[in-house]
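Using the sequences and the hints, build the whole thing.
Those sequence lines, one after another, are chains A and B. At position 260 of the first sequence (counting the first as 1) the number is 260 in this note's numbering, and the numbers step up by one without a gap. At position 156 of the second sequence (counting the first as 1) the number is 156 in this note's numbering, and the numbers step up by one without a gap.
To be clear, the hints were calculated from the coordinates, so they are not data collected in a lab. Each residue gets a CB set at the ideal place from its N, CA and C atoms; glycine is no exception. All clues stand as given, with none of them false.
Not close to chain A: a few residues of chain B, all C-beta gaps over 12 Å, as computed:
id: 1; residue: 56
id: 2; residue: 76
id: 3; residue: 115
id: 4; residue: 233
27 Å max Cα-Cα, derived DSS-like pairs, lysine-lysine:
id: 5; chain 1: A; residue 1: 103; chain 2: A; residue 2: 224
id: 6; chain 1: A; residue 1: 223; chain 2: B; residue 2: 46
id: 7; chain 1: B; residue 1: 232; chain 2: A; residue 2: 75
id: 8; chain 1: A; residue 1: 103; chain 2: B; residue 2: 46
id: 9; chain 1: A; residue 1: 245; chain 2: A; residue 2: 159
id: 10; chain 1: B; residue 1: 46; chain 2: A; residue 2: 224
id: 11; chain 1: A; residue 1: 245; chain 2: A; residue 2: 413
id: 12; chain 1: A; residue 1: 75; chain 2: B; residue 2: 46
id: 13; chain 1: B; residue 1: 73; chain 2: A; residue 2: 413
id: 14; chain 1: B; residue 1: 232; chain 2: B; residue 2: 46
Using C-beta positions, here's what the derived DEER-type ranges look like:
id: 15; chain 1: B; residue 1: 33; chain 2: A; residue 2: 266; range: 58 to 64 Å
id: 16; chain 1: A; residue 1: 409; chain 2: B; residue 2: 91; range: 44 to 50 Å
id: 17; chain 1: A; residue 1: 47; chain 2: B; residue 2: 232; range: 38 to 44 Å
id: 18; chain 1: B; residue 1: 232; chain 2: A; residue 2: 363; range: 54 to 60 Å
id: 19; chain 1: B; residue 1: 68; chain 2: A; residue 2: 43; range: 40 to 46 Å
id: 20; chain 1: B; residue 1: 121; chain 2: A; residue 2: 234; range: 44 to 50 Å
id: 21; chain 1: B; residue 1: 145; chain 2: A; residue 2: 234; range: 33 to 39 Å
id: 22; chain 1: A; residue 1: 266; chain 2: B; residue 2: 73; range: 36 to 42 Å
id: 23; chain 1: A; residue 1: 245; chain 2: B; residue 2: 106; range: 53 to 59 Å
id: 24; chain 1: A; residue 1: 318; chain 2: B; residue 2: 67; range: 48 to 54 Å
id: 25; chain 1: A; residue 1: 185; chain 2: B; residue 2: 207; range: 48 to 54 Å
id: 26; chain 1: B; residue 1: 145; chain 2: A; residue 2: 286; range: 20 to 26 Å
id: 27; chain 1: A; residue 1: 230; chain 2: B; residue 2: 123; range: 42 to 48 Å
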Amino acid sequence: MKRLFSIVLCVSIMLGLGSAIASASPLELTMYFPVNVGGTAAATIERFTGDFNAQNTDVRVTPVYTGNYDDTITKIQTAIQGGNPPDLFVSLATQRFTMASTKMAMPLDDLIALDPEGAEFIDDFIDGFMLDSYVEGAVYSIPFQRSTMVMYYNKDAFKEVGLDPEAPPQNWVELVDYAEKLTNENRWGVGLALNSGSAQWAFTGFSLQNCTNEVGLMSADGKKVYFDTPENIEALQLWLDLQNKYKVMAPGIVQWTDLPTQFLAGQVAMIYHTTGNLTNIRNNANFEFGVSFLPAGRQYGAPTGGGNFYITSGISEERQRAAWEYIKFMCSTELAAQWSIETGYVATRESAYETDLLKQYYTDFPPALVAYQQLPYAQPELTTYSAAEMWRILNDNIQAAVTGEMTAAEALKNAQEQGDELLFDFQ
Amino acid sequence: MNTLQTTSGQRHRHWVPWLLLFPSLVIMLVFTVYPVVRSLFFSLTKYRLGMEAPEMIWFENYQRLMSSAIFHKVIANTIVFAMLTVLPSMAIGLALALMVNRKGRQVGFIRTSYFYPSVMPMIAIASVWLFIYMAQNGLFDQIMIALGLGSQNVLSNRNTVLPAMSVMYTWREAGYLMVFFLAGLQSINEEVLEAAMIDGATGIKSFRHIILPLLAPTTLFVSTIAFTNSFKLADHVIIMTEGAPNNASTLLLYYIYQQGFTNLNYGLSNTLTVIMLVLLLVFSLPRFFNQDRKIHYS
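Dropping the structure here:
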């Protein structure tokens, strides 16, 4: 009896030790992630990661919140130089050319090929988002927190001026017409955020609505920009006309973060803003509001934006595989649906729209579906090599036009020259 | 025994000062001299993130900046911002110091209140003032609308954005400069003031002919601090405008940050750093050499 007892004891100690060793040395991964909209996105990422760690005892991912998108780039860069980079991170889809040319991130094709479910996983992403993942034919990033631009409009204001609250403007002509009707002493008809970092996003949409060859602002390889086309000048002129000629939009530059506040206060009747703000507006509007497609020019068009997953280059193969598993988990059908509902981002997987969770959500709250329906007309926002600098060039020159320093044609010609010079090294 | 002690004592004298200086020397070499030399080197190179090694291009970065319209604008902005903030914050700082240079129970509280803004991080201040300047709904625009002047949206106008930021910065800096003036005021010998009073100098006269000259060393020190501080600002630009509209509010340090950390262009950001260093030296050195002679140290 004693002997049996000691054997049992021995075995259990060994088992205990064994499991202690196993659990004492899981592979530790670090992930940097930014949050660019208010709300609970950070808590949701931490909760999802907790679930992943619980399911995978041999890997432990630590998510590190690193501020907004710009801060995150700065922190990754500092960490790389310090020789202690994160294993994976979330950054703007538009940063992928920079990520590739600076060798901050690695191509993922080998990981996808090694994974039996890899090809299927990639195929299931919505095309409009997956477009934003390639550099020179290689997959560099996986769509995660993705958004697009929609129009929010105040149905009460529509009724007040005798417009049909169920018929938002379909095209630019109606946009101007409705905005004129909606504008009064205390209210602007339409609102656009034109601060640095926002103007280029909205402008991508207007450029896509007005272009004649499905090419808006840049070539798909990120090596050319087409700022000064007659169509783009026309699009910028529309903005200036909304402000100066029709006087239906606040003059000067309205900040991205102020615009929803003004909309909620009833000071502007129609605003162009991200789907990521849907939950905020839904919770805080004390009037009936609607969500619609962006009004068409020659055709419908909208910019996509937001962040993708990247894996840092130079980490061990074991770490790469663990990071890949984590990305697959975070982008799984169920979590993509859950993520979309909790944050307002657009679910990135086709299969997510087949889940009961998302179907139920759209039944309860139809405006959320508009972004998805608009996706076939959406294209990536301004994305080139040296993207941050290119954004700056376009933003600065748009602002120069908006503040009256230059005409629309001068501003975009100037932007074109600066853009060409910037991309000269990559031709 | 005796001789041995003396010789070792003499030897002590040679290396003790060096030993005592050693910690600060090391800190200065590591955190001041080394970065400056490094910046000088990188300012002559083309170096972006992802390049294996910096490529020597000598003065190409400098030439590029000299012909860049944005760089000219940035330098002009930085100088305008310094002019709009240095004198007002010094004048207000001195006025505040004169007001609180007295004894009494509440004075401590008032001094703390004036000093308080400079304890707050610039980022917090900028976030608060961003709300004050917010278009239509901000405090400032609300007042303007109530006065019938309409929404000004000062941060989006290229003519008002720098003055608006200067007001915020002056509000912050004045309390900080007050502390130096206060120390200066308290070091003035009261007997001198009493003697002047007996001779009939009161109020403004006493201030103009006694206090102000005696404050000269403090004023010199404060002006240098105020000037260099006004150059070393980036945080509020990041929070409030990111340089908008069209770089009308881009200051030099923010431009350095943007080139280095957003555009990942280390070469150019080091060139800008060297230029900033030279500017600071040029502006602060003559003050010490020229004005030193005219100053009365009591």
